[in-house]
Amino acid sequence: MDYAKMTALELASKIRNNEISAVEVTKAQIKYIKEQEDRLSCFITLLEDEGLKRAYEVQERIAKGDYKDSPLAGVPMAVKDNILTKNIRTTCASRMLETYIPSYNARVIDKLEDAGAIILGKLNMDEFAMGNSSESSYFGPTRNPFNTDHVPGGSSGGSAAAVAAGEVFYSLGSDTGGSIRQPSSYCGVTGIKPTYGTVSRNGLIGFASSFDQIGPIAKNVSDATAVLDIIKGYDSKDSTSIAREYDSYTSALTDDVRGMKIGVPKEFLDSPMNSQIREQFDKVIKVYRDKGATVEYVDFQTSDYIIPTYYILTSAEVSANLSRFDGIRYGYRSPDAKNLEEIYFKSRAEGFGDEAKLRILLGSYVLSSDNYDTYYDKALRIRRLISNEFDDFFSNYDILLGPTSLFTAFNFNAFLNSPVEKYADSDNKYTIIANLIGSPAMSIPCGYDEKGLPIGMQLIGRKFGEKDIIRSAYSLEKEITS
Amino acid sequence: MISDSRLESLAESAKIELIGKDKVSFKKDLDKLIKSFDILKDVETTDIKPMINVHDYRNVFRDDKVENNDYNKNQEVALRNAPNKKEGFILVPKIME
Amino acid sequence: MYKYEKVIGLEVHVELSTKSKIFCGCSTEFGGRPNSKCCPICMGMPGTLPVLNRRVLEYAIATGLATGCTIREYSRFDRKNYFYPDLPKSYQTSQLYLPICYEGSLEIEVDGIKKKIGIHEIHMEEDAGKLIHDQDDEFSFIDYNRSGVPLIEIVTKPDMNSKEEVIAFLEKLQLILEYLGVSDCKMQEGSFRADINLSVRKKGQKELGTRTEMKNINSFKAIGRAIDYEAKRQIDLLEKGESIEQETRRWDDANGISLSLRSKINAKDYRYFPDPDLPPLVVDKDWVDEIRKRQPELREEKIQRYMKEFKLPEYDAKILTSSKYLADIFEKTVAISKNPKEVSNWIMIETMRLMRDRQVQVENITFSPENLARLIELVEAGKINRTIAKEIFELIFDEDIDPEVYVKEHQLGVVDDRDLLIKVVQEVIRDFPDSVTDYKSGKDKAFKHLMGQIMKRMKGKANPVLVNELLRSELEEL
Chain G
1 MDYAKMTALE LASKIRNNEI SAVEVTKAQI KYIKEQEDRL SCFITLLEDE GLKRAYEVQE
61 RIAKGDYKDS PLAGVPMAVK DNILTKNIRT TCASRMLETY IPSYNARVID KLEDAGAIIL
121 GKLNMDEFAM GNSSESSYFG PTRNPFNTDH VPGGSSGGSA AAVAAGEVFY SLGSDTGGSI
181 RQPSSYCGVT GIKPTYGTVS RNGLIGFASS FDQIGPIAKN VSDATAVLDI IKGYDSKDST
241 SIAREYDSYT SALTDDVRGM KIGVPKEFLD SPMNSQIREQ FDKVIKVYRD KGATVEYVDF
301 QTSDYIIPTY YILTSAEVSA NLSRFDGIRY GYRSPDAKNL EEIYFKSRAE GFGDEAKLRI
361 LLGSYVLSSD NYDTYYDKAL RIRRLISNEF DDFFSNYDIL LGPTSLFTAF NFNAFLNSPV
421 EKYADSDNKY TIIANLIGSP AMSIPCGYDE KGLPIGMQLI GRKFGEKDII RSAYSLEKEI
481 TS
Chain S
1 MISDSRLESL AESAKIELIG KDKVSFKKDL DKLIKSFDIL KDVETTDIKP MINVHDYRNV
61 FRDDKVENND YNKNQEVALR NAPNKKEGFI LVPKIME
Chain R
1 MYKYEKVIGL EVHVELSTKS KIFCGCSTEF GGRPNSKCCP ICMGMPGTLP VLNRRVLEYA
61 IATGLATGCT IREYSRFDRK NYFYPDLPKS YQTSQLYLPI CYEGSLEIEV DGIKKKIGIH
121 EIHMEEDAGK LIHDQDDEFS FIDYNRSGVP LIEIVTKPDM NSKEEVIAFL EKLQLILEYL
181 GVSDCKMQEG SFRADINLSV RKKGQKELGT RTEMKNINSF KAIGRAIDYE AKRQIDLLEK
241 GESIEQETRR WDDANGISLS LRSKINAKDY RYFPDPDLPP LVVDKDWVDE IRKRQPELRE
301 EKIQRYMKEF KLPEYDAKIL TSSKYLADIF EKTVAISKNP KEVSNWIMIE TMRLMRDRQV
361 QVENITFSPE NLARLIELVE AGKINRTIAK EIFELIFDED IDPEVYVKEH QLGVVDDRDL
421 LIKVVQEVIR DFPDSVTDYK SGKDKAFKHL MGQIMKRMKG KANPVLVNEL LRSELEEL
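Protein chains in written order, with our numbering: chain G, 1 to 482; chain S, 1 to 97; chain R, 1 to 478.
Hints are computed from structural coordinates only; laboratory data are not their basis. Treat each hint with caution, since some may be false.
To be verified - Partial list, computed: chain S residues near chain R (C-beta under 8 Å):
| hint | residue |
| --- | --- |
| 1 | Ile2 |
| 2 | Ser5 |
| 3 | Asn53 |
| 4 | Arg62 |
| 5 | Asp63 |
| 6 | Asp64 |
| 7 | Pro93 |
The beta carbon of each residue, even a glycine, is placed where N, CA and C say it ideally should be.
With these hints in hand, go ahead and build the complete structure from the sequences.
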């Protein structure tokens, strides 16, 4: 049976019905991964033995009738390498943590294991989740399965590429400013960044604490929704976790957008974007209108503030979050260090890549006492200003729609000599906005450009509005795939 | 424009040793990024409160109870990743106070 | 020297006696193997998040209420960023911008003069680990057991002008914290640490001089020495026309000097910013009132109550409340024996005597109020006399014996047997004819001598009142 093309839910159903064994699938996937890895480099750590052992365990339990309420039991998946996995090295794609072994699982890993997931390995990413191409990984970049001269996007590049290439049936990524959605878009898969606080950050190695969320990357909306159902929920060990009624999101998988109010930032009308993306975008708007939703163009006064505010706040938070990597208790310690000061200076200079260092320096700058008011405090207030405007928007609209990225996957080293340009060009303020305000957002694949590289469309909802984005994504997906 | 000495003091406070060409490229990149923040300077925010968290959180607590975990059950686990350890302590080169 | 005055402010760090740490469930118990009371959170491992121990906040509020502070309705934690091996996250979670309490004061009394010392603010923060430098030549050792232990920091205004005032303030603060039960305040164990900010200025000068901060002072006596030394050092510099450098100095008590910590600590920019991992604290009036209602009785209130309810003199009340432990023993014993004056005497006289003789600290007293109450009852009922009682009390103090049982076993009960006593009285009269003669000729001392002899033969157990009566009547008949 050719299950490689199946969705996760389809595969799980066949496993539950004893049509396929989880062990057989796992073996085949591991073989396939090993064949692909030279070409793609999605994995930092492949768990061949552990994965197989786990597959046997899960299969046995399924045979006994376990996992009745777990719709994804027995399905092989993988996890971005900034999510802690017990006794399995977790590196954040950094030399700093090259040999780091955590002693406990992130909360989401426990939840997945309780649901019968089979974890095949840890996936490549931009170092410490900072970047949009996975080129900053200490272990070398991942390549886009559609065209290996192109990046898979970032920072969850490995997570998106592994699903796109069929190495795993779904994966977990993390998103701070688009790091699930942009690589999903570049790799033609579906990714969701949940409402901030609905998925526990316990065990996620932090980048920007008030922006980070873990989320699923999968082959379609239904799969991504099923994964999100598993990993969401209150966690008392995360003080920013929201305690509320978390019912299943799968009830939103209906093809019905009648009466939904969709807003599109007017800026998209004349912003520079790849022409095929524009074509697709126009098509999408028409699809929604035909299906009974209203689509209107909206002006945002604060949109120009989004990117600078994001950079000030995230660099400040990450500069403190990365301070613990000092070579003292764990992590890379420079062999050349002759005294305490050198342990700090050299370990951090040698352990971190350039992008990480740049953001740490920038963060230190904006938090310096002479700059605090001008930059950090100012940015905090502007965050609220922007938030207020978007709260207003969401009181009139259900969805903010736009292309996930203005461009498709770029070439490797396209921005080698101008890293800052890389962001200015490819940063989409309407991707970052979701993290700035805490909203849920999803990217679904929507056609290809003339080079055959995937295009993605993004739907952002109001806070806790997962069902709205799932419903509208499902509906659009139905149209695109038919 | 970041001065050399400012960059040095930032590297000092972040405990990152910068060498030669690093300094030039970081200075360039920092300048660009900081310049891009200028647009925020004139935004009127006097009556706007800072927004640190996206939700209106308040009062998240735990009870005053001792919990056991792998670390306090087994000191070896706690020290597993330490680069230099002895007799249960983590070691650093001697600090002169 | 005399044209200058000292201007002193304090930053007091107090370890709270909660069961678990401030942001994780590790035990705060003192001692134990190194790195045995840690977890990924308090060791700053990657991927960990803090969750606030509610009791830390309650203790901080209780302290604020007991020192007349206003409790801030909206407060947050901030990250204080710096690198040091005992600081696992390379930032300390503390409160800078919105500390939980502010604007309080404590009244102290020195040489009969009362003075109000202002408290600027009180905030919560976490303690760092411990660095040990003297175990090895090449390395310093780090133990993270203490990392994450909850602290409150009490920052005073620079209202003190002498070491006496400083010590009076600290003693009063310690007592309050002890009474609240929020800390065991042991300076030698490090649960109560005072840093001293000192500057000098010419008397009458309005502006403050440049201040230095002194750390690492481990006893009240050392505080006195440090203040004297540093003031003199600063005055000497000023007299020479030199300026004082604003810096942190370490007090070296063994050599009696303060040393400049001329490291980067001095020009530090800690880049404080609000901690996004910890939600704000909203403490409304109702919650504050609830905590206020639950406040244990503080010393001043106890003194008044002892005077009013137990009719004790102020002097006695002050001594009994000089420590919460002593006050506890007193109150518990009174609750059983219902004789406050008697209990008060046993504590003020015998207990404190034995504490001195045996060098026992008040918090290490092990005898139970029940046994002291039993002893008092035995004396009140006339079953034993005071001499015996004092001897028995020593055993109660040392081993917490049950006096009733002991008296029975050792037959120490007062002998009331008239027949037996008459015999002994008559024996003694027969054996000491000279004393009898002396008594008959009016010498009262002789009576005492005879009494003494009778008590001796009875091994002190005779009922003295009865013996007195019998002796008089026998002598009468001669």
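Violations among the numbered hints, reported as their numbers in ascending order: The structure breaks hints 1, 2; every other hint is satisfied.
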